[in-house]
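Asker: Here is what each chain is made of, one letter per residue.
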Amino acid sequence: MTPSSTNRSGWAAYLQVAPLTLVLICFFAVPVALVVIVSFFRYQMLVGIVPTFTVKNYVDLFTNPTTWTLYASTLKFTLIVLVVTFVLGFWIAYFLVFHIRNLVTAIGLFLVCTVPFWTSNIIRMISWRPVLGREGLINSALQNAGITSQPIDWLLYSDFSVVVAYVHLFTLFMIVPIFNSMARIDKALLEAAIDAGASRFGVIWEVVLPLSKTGIALGALFVVTLVMGDFFVVTVMSGGLSGSATSGIFNDLQFLNYPRAAANAVILLITVLLIAAGIFRLVDVRKELVR
Amino acid sequence: MSASPSYGARPWTFYVLATLFTLFVIFLYGPMISVLVLSFQGPSGSLVFPLREPSLMWFQELFSPRRTGDVAGAFGRSLPLALLVMLMTVLISVTAGFAFRRRFRGSTVIFYMAIASLIVPGLVLSIGTLVTFRYLGLSASWITSGLGAHLSWALPFGLLIMFAVLGRLNPAYEEAAYDLGASRWRTVKDVVVPIVFPGMIAVALFGFTLSYDEFPRSWLTVGTKNTLPLEIWTMTTNVTSPALYALGTVTTIVSFLVIALALSAILLIQRRRSTGK
Chain A
1 MTPSSTNRSG WAAYLQVAPL TLVLICFFAV PVALVVIVSF FRYQMLVGIV
51 PTFTVKNYVD LFTNPTTWTL YASTLKFTLI VLVVTFVLGF WIAYFLVFHI
101 RNLVTAIGLF LVCTVPFWTS NIIRMISWRP VLGREGLINS ALQNAGITSQ
151 PIDWLLYSDF SVVVAYVHLF TLFMIVPIFN SMARIDKALL EAAIDAGASR
201 FGVIWEVVLP LSKTGIALGA LFVVTLVMGD FFVVTVMSGG LSGSATSGIF
251 NDLQFLNYPR AAANAVILLI TVLLIAAGIF RLVDVRKELV R
Chain B
1 MSASPSYGAR PWTFYVLATL FTLFVIFLYG PMISVLVLSF QGPSGSLVFP
51 LREPSLMWFQ ELFSPRRTGD VAGAFGRSLP LALLVMLMTV LISVTAGFAF
101 RRRFRGSTVI FYMAIASLIV PGLVLSIGTL VTFRYLGLSA SWITSGLGAH
151 LSWALPFGLL IMFAVLGRLN PAYEEAAYDL GASRWRTVKD VVVPIVFPGM
201 IAVALFGFTL SYDEFPRSWL TVGTKNTLPL EIWTMTTNVT SPALYALGTV
251 TTIVSFLVIA LALSAILLIQ RRRSTGK
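Going down the list, the sequences are from chains A and B. The first sequence maps to residues 1 to 291 in full-length UniProt numbering. The second sequence maps to residues 1 to 277 in full-length UniProt numbering.
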């Protein structure tokens with residue numbers, strides 16, 4: 001704390017944080033609160049939102065087997081993608097931080113991983129079509145090599161291509177926070193562990209993994225929320241065969257049934273927040289971030 | 001063979017992980033490169049390889065008035081919107097980052113509100129913003145509700161980056177400057193800004209790209225006129241020509257131009273600083 005700011009810290013901090021708070025209230029807190037309120041309103045054909053209290057939207061959703069199928073499918077994708085991105089993210093970050101000896105090279109390779117993030121997600125998603133499709137690169141390569149005689153159908157418009165697209169789009173969200181945590185680990189700690197007789201994997205398990213848990217937690221938070229909130233990747237990459245928790249919202253919106261879309265949104269929001277709270281319980285992200 | 005990764009001969013894990021890394025980079029860039037190549041497809045070419053009679057026809061087609069979509073207009077909205085989000089993200093999240101260096105009453109609430117704003121599914125927020133505007137009697141438009149929806153996602157990102165950056169700014173540096181007689185302004189200009197500046201560029205880049213490429217939060221909030229990601233989305237459902245790839249190439253080039261500008265700004269300023277004084 002700077003000497004001259006101690007006495008002014010009271011209002012200065014509030015002044016500095018005011019614009020952020022204002023935006024968050026107007027474009028996060030109020031909209032979310034309204035979604036919750038509207039989810040208890042009634043929907044009437046041709047009229048739209050009727051402001052009378054009802055829990056019918058929720059009863060409708062919970063008694064509809066489609067809701068459960070969609071959530072099961074979303075959770076399945078979330079889990080698979082979480083595992084794959086974590087394994088990839090952890091080892092890539094580990095490689096960059098502990099195996100590349102030259103700092104400039106490490107940062108250069110790190111940037112190589114991050115550049116695609118700055119390009120359009122939709123384009124990156126579509127770019128799998130000429131690769132995975134029936135006449136795509138992989139199928140023609142396999143056929144030319146004589147490994148298969150028929151094109152493989154399940155490469156595109158399947159659960160497989162959905163997972164590929166998710167991993168392609170979201171692994172970065174694991175790499176960056178884990179890289180950030182690992183870069184802060186004092187290398188002398190690893191040497192101390194080795195001098196004390198730890199094996200290489202012992203060091204990774206006992207020292208590196210616990211010390212990168214903030215990064216892992218943040219990465220998991222990003223991946224979970226991105227996959228759970230996704231509608232577009234799963235629709236395009238499954239060719240409309242798979243749905244996600246948000247597909248229900250999307251359908252309701254097409255019929256302008258805002259109350260049920262809102263109820264669906266509230267369920268999704270609660271699911272995501274519960275998972276986030278679970279992650280925050282394991283790791284005090286704030287304490288680690290603001291220090 | 002040393003088990004320590006920091007010196008000695010390369011352990012075998014190095015080669016395994018180097019292979020993994022290389023494969024990952026191919027996985028990351030391979031599809032994008034194929035789209036870039038296929039956007040130069042000729043008149044007889046299809047959506048897949050091989051590339052036949054390379055031409056620029058799909059780029060012309062993209063901006064020709066015969067098309068139903070409005071690609072030029074979408075660029076004309078997405079670029080200024082992204083630049084505005086970038087500017088506001090830098091200003092707002094940098095100042096807020098400084099506030100969080102001290103504990104103040106309510107800081108925890110604001111922190112968790114920012115995190116919640118980051119993780120709330122974009123579509124949920126999109127509905128909420130639209131409903132809010134409807135109740136206020138306003139119509140959604142890219143420059144009002146669209147801007148707000150983008151900020152609700154870019155600001156928390158900017159804040160997280162500022163936490164990482166300000167973690168490296170030891171308050172002792174500022175105290176030292178004061179003790180040596182520097183004014184408040186001088187301290188900010190000569191001590192704080194040089195340390196924080198690269199982080200500010202990172203925040204700016206994030207702000208730009210999060211807005212420029214954002215889809216779910218834009219979906220209901222931009223009103224009747226599409227921004228670029230929505231335009232691309234429409235094209236994926238009704239355009240089955242390489243024009244789609246051409247649009248991908250054009251947006252990617254714009255993104256890369258912005259990165260190049262940001263990086264050269266960093267380099268320029270650092271060079272000036274090292275030779276200047």
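What the hints contain is simulated information worked out from the structure, not anything from laboratory work. Careful, some of the hints might be misleading.
[To be verified] If you anchor each label on the Cβ, the simulated ranges turn out as follows: (1) A:Phe-201 with B:Asn-170: 47 to 55 angstroms; (2) B:Gly-76 with A:Arg-42: 16 to 24 angstroms; (3) B:Arg-271 with A:Leu-111: 13 to 21 angstroms; (4) B:Ser-241 with A:Asp-186: 36 to 44 angstroms; (5) B:Ile-269 with A:Gly-48: 17 to 25 angstroms; (6) A:Gly-239 with B:Phe-27: 35 to 43 angstroms; (7) B:Tyr-15 with A:Gly-10: 17 to 25 angstroms; (8) A:Leu-189 with B:Asp-179: 31 to 39 angstroms.
[Stated by the list, open to error] Every beta carbon over 10 angstroms from chain A, so not counted as near; a handful from chain B, in silico: (9) Val-35; (10) Leu-84; (11) Ser-93; (12) Ala-96; (13) Ser-117; (14) Val-120; (15) Pro-121; (16) Ser-241; (17) Tyr-245; (18) Thr-251; (19) Arg-273.
Bear in mind the structure is a predicted one, so any value in this text is a computation, not a measurement. For every residue, glycine included, the Cβ atom is placed at its ideal position computed from N, Cα and C.
Asker: Let me make sure I understand: some of the numbered hints might not hold for this structure. Which ones are they, in numerical order?
Answerer: Hints 1, 2, 4, 5, 6, 7, 9, 11, 12, 13, 14, 15, 17, 18 contradicted; others consistent.
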